[in-house]
Amino acid sequence: MQAIKTINLSKRYKDVLAVDDLNLEVENGELFALLGVNGAGKTTTIKMLSTLTAPTSGDALIGGKSVLTESDSVKEIIDISMQETAIARKLTVEENIEFYANLNGRTPSEIVRIKERIYDTFGLKPYANKRANKLSGGWQRKLSIALALTSEPKVLFLDEPTLGLDVIARRELWNTIRALKESTTIILTTHYMEEAEYLADRIGVMKEGRLLFVGTKEELFALTGTSSVEEAFIDLVTTGENRK
Amino acid sequence: MNKSVLRVLVLTKRNLKELIRDPLSLVFMILLPLTMEILFYYLFHNATSQFEMKYLAPGIVVFSQSFSTLFTGLLIALDRSTAFLTRLYVTKTKSFEFIFGYLFSILPTAILQAILFYIVGGVIDPSLFGVGMLLAIVFSVITGFFFIGFGIFLGSVCNEKSIGGISSIVIAGQSVLSGMWFPTEGLPDGFIVFMKCLPFKNATDLISISTSGISGNEQSFLVSLAIVCAYAVAVILLGIIFFKRQMTSK
Chain Y
0 MQAIKTINLS
10 KRYKDVLAVD
20 DLNLEVENGE
30 LFALLGVNGA
40 GKTTTIKMLS
50 TLTAPTSGDA
60 LIGGKSVLTE
70 SDSVKEIIDI
80 SMQETAIARK
90 LTVEENIEFY
100 ANLNGRTPSE
110 IVRIKERIYD
120 TFGLKPYANK
130 RANKLSGGWQ
140 RKLSIALALT
150 SEPKVLFLDE
160 PTLGLDVIAR
170 RELWNTIRAL
180 KESTTIILTT
190 HYMEEAEYLA
200 DRIGVMKEGR
210 LLFVGTKEEL
220 FALTGTSSVE
230 EAFIDLVTTG
240 ENRK
Chain X
0 MNKSVLRVLV
10 LTKRNLKELI
20 RDPLSLVFMI
30 LLPLTMEILF
40 YYLFHNATSQ
50 FEMKYLAPGI
60 VVFSQSFSTL
70 FTGLLIALDR
80 STAFLTRLYV
90 TKTKSFEFIF
100 GYLFSILPTA
110 ILQAILFYIV
120 GGVIDPSLFG
130 VGMLLAIVFS
140 VITGFFFIGF
150 GIFLGSVCNE
160 KSIGGISSIV
170 IAGQSVLSGM
180 WFPTEGLPDG
190 FIVFMKCLPF
200 KNATDLISIS
210 TSGISGNEQS
220 FLVSLAIVCA
230 YAVAVILLGI
240 IFFKRQMTSK
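So the sequences go chain by chain: Y and X.
Residue 118 in numbering that gives the first Met the number 0 sits at position 119 of the first sequence, with consecutive numbering throughout.
Residue 148 in numbering that gives the first Met the number 0 sits at position 149 of the second sequence, with consecutive numbering throughout.
Hints in this document: simulated from the structure, not taken from any laboratory.
Possibly wrong hints are sitting among the right ones.
What the hints assert, rightly or not - List time: in silico SDA-like cross-link candidates among lysine to any residue, alpha-carbon distance up to 25 Å: (1) X:LYS243 <-> Y:SER65; (2) Y:LYS4 <-> X:LYS12; (3) X:LYS91 <-> Y:ARG116; (4) X:LYS243 <-> Y:GLN82; (5) X:LYS12 <-> Y:GLU151; (6) Y:LYS153 <-> X:SER174; (7) Y:LYS129 <-> X:PHE83; (8) X:LYS93 <-> Y:ARG116; (9) Y:LYS4 <-> X:THR247; (10) Y:LYS89 <-> X:GLY164; (11) X:LYS91 <-> Y:PRO107.
Stated by the list, open to error - Per label pair, the in silico range of CB-to-CB distance: (12) X:LYS160 <-> Y:PHE220: 32 to 38 Å; (13) Y:GLU230 <-> X:VAL26: 29 to 35 Å; (14) Y:GLY136 <-> X:PHE193: 33 to 39 Å; (15) X:LEU33 <-> Y:SER72: 38 to 44 Å.
Claimed, not checked - One-sided excerpt, in silico: chain Y residues whose CB lies under 10 Å from chain X: (16) THR52; (17) GLU75; (18) ILE77; (19) GLU83; (20) ALA85; (21) LEU90; (22) PHE156; (23) LEU164; (24) ALA168; (25) PHE212.
All residues carry an ideal CB built from backbone N, CA and C; glycine is no exception.
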C-alpha cells in the first residue's frame, strides 16, 4: 500500500484553480520533494493531504484512509511542520514537547522516550529549560519541526522547512531530515533546489496547480538535458507545458 | 480518562502558563485593580457612599474581570496569527475542546481576583466578611464566564492588532456603563434602560446584591443573573461558531 495516493485531487478558491486534477503516489519510507514557483499549489496540496483544507473535488488516501471521510484516522498517522514556526511561545522547549505529545495522547513513558529521541536528533537537550521565545530563529525552527515528531507520524509533511535559515542551520537540518527518513515517509515542499537534490528520493514539479513531472532527479536530468535540479526546474517550468 | 477531557486539560495547562508568564496580564488583572481598590477607598469613601467597600469591592471584582476579555482575546488572536493553532488542527482536537481549554485556563484567575479583592476589602472594612462575600465569589464565576467568553469571541474574529482596541471598549463599557464609579440616580430613563439591557451593569449588580444580601432584592438579583447568564452563553456559543469557522477555513 502506498503512503499517499491522490485521486483527481483539485482545489478551487473562487476563480483560482489552486490544484488541478492531481494524481500522485508516494511509497512508504520515501522522501518526496514537491517543487514549484510561488502559487504553484504546493502548500494547498499539503493542506489537503493533512486535512487542513477540504478538496473541491477528488480525494486523497493517506495510509489507505480517505482525507474526506476518515480524517480522524488520517490525523492519527500524520503530522505537519508549517512554513511558519509553530511553537508555544512562553513554554520551555521541554514543555513544548510534553504539550504536543500529551495532546497526541502519548503515555508518560512514551513521552520520556520521545523527548530523548528529539533531544538526540535535534540537539535540543541544552535548551530544554529555555523558553521557546528566547531561542534564536534557527533553534525555534528546529523545535517547530521536532514537535511534528511528538506524534511519531508515519507520514510527515514539511512545508518549506528551511525557509529563513542560514546556510549552516539549513545544512544541519538537512542531516536531521535525512535521519528521519529511515522511519517516516516525508513530503517536503521547498524553493531551494539544492535541498531537493540533496534530500529527495523522487521529485514532483508543479506549475499553476498541475503536476508537470514526477520522477527521480536522474529522470529529471534526462528529460531536460541538464545536470542540476535548478537548471532542470527552470527548463521545465518555462518550457515544460509546450514539451508535454 | 476520556480523551476529550484529557485534551481540554492539556490545552488548559498550556494556556494558563502562557497567561501567568505574561507580566502585563498580572499588572492589569491584579495590581491595577488592587491599587484602585485601596486608593479609591481611602480617597473617597468619606465623601460618597459609592466608594464604601460593600459597593467598591464588587465593582473592582467585575472591573478586574473585564481585563480577561483583553488577555483571552489576545492569547487566541496571537495563537491564530502564528501557525501554532493551524498545526493543532492536524491533531484530533475539536473546536469546543479548544474553547474550553481557553475558558478553563483563565477562569481560575477570575475566581482568584474575586477572592483577593474581597479579602483585601474585608481587611480594610471587616463588615464585608460574611455569607454575602462567599455568595459574591461564587457568582463571580458567572461574570468571569461572560468576560472570558467575550474574549474568546473577539479572539476568534479579530487579529492581534485590533484586539487591544476592541477589548478596551469592553473595559471602558464596564467602567462607564456599570454605574460602579457614579450613582445612576438622576440619569435619563432611556440611558438607564440602555444600561440595564447590557451585561456590564447587570454583572456589577449581580455581585453587589450578592454581597449586600439577596433578601428583599430577589427580583433585581434574578434579572441580573438571567441577563449575565444569557450574555455568557451567547458569547461562548458565538466563540465556538466563529472559532470553528476559522478552523475549517484553514
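Hints, one by one, checked against the model:
| no. | hint | in the structure |
| --- | --- | --- |
| 1 | X:LYS243 <-> Y:SER65 | 22 Å, holds |
| 2 | Y:LYS4 <-> X:LYS12 | 38 Å, violated |
| 3 | X:LYS91 <-> Y:ARG116 | 23 Å, holds |
| 4 | X:LYS243 <-> Y:GLN82 | 22 Å, holds |
| 5 | X:LYS12 <-> Y:GLU151 | 22 Å, holds |
| 6 | Y:LYS153 <-> X:SER174 | 54 Å, violated |
| 7 | Y:LYS129 <-> X:PHE83 | 18 Å, holds |
| 8 | X:LYS93 <-> Y:ARG116 | 28 Å, violated |
| 9 | Y:LYS4 <-> X:THR247 | 23 Å, holds |
| 10 | Y:LYS89 <-> X:GLY164 | 24 Å, holds |
| 11 | X:LYS91 <-> Y:PRO107 | 19 Å, holds |
| 12 | X:LYS160 <-> Y:PHE220: 32 to 38 Å | 48 Å, violated |
| 13 | Y:GLU230 <-> X:VAL26: 29 to 35 Å | 58 Å, violated |
| 14 | Y:GLY136 <-> X:PHE193: 33 to 39 Å | 51 Å, violated |
| 15 | X:LEU33 <-> Y:SER72: 38 to 44 Å | 51 Å, violated |
| 16 | THR52 | 7 Å, holds |
| 17 | GLU75 | 7 Å, holds |
| 18 | ILE77 | 7 Å, holds |
| 19 | GLU83 | 4 Å, holds |
| 20 | ALA85 | 4 Å, holds |
| 21 | LEU90 | 6 Å, holds |
| 22 | PHE156 | 9 Å, holds |
| 23 | LEU164 | 16 Å, violated |
| 24 | ALA168 | 19 Å, violated |
| 25 | PHE212 | 28 Å, violated |
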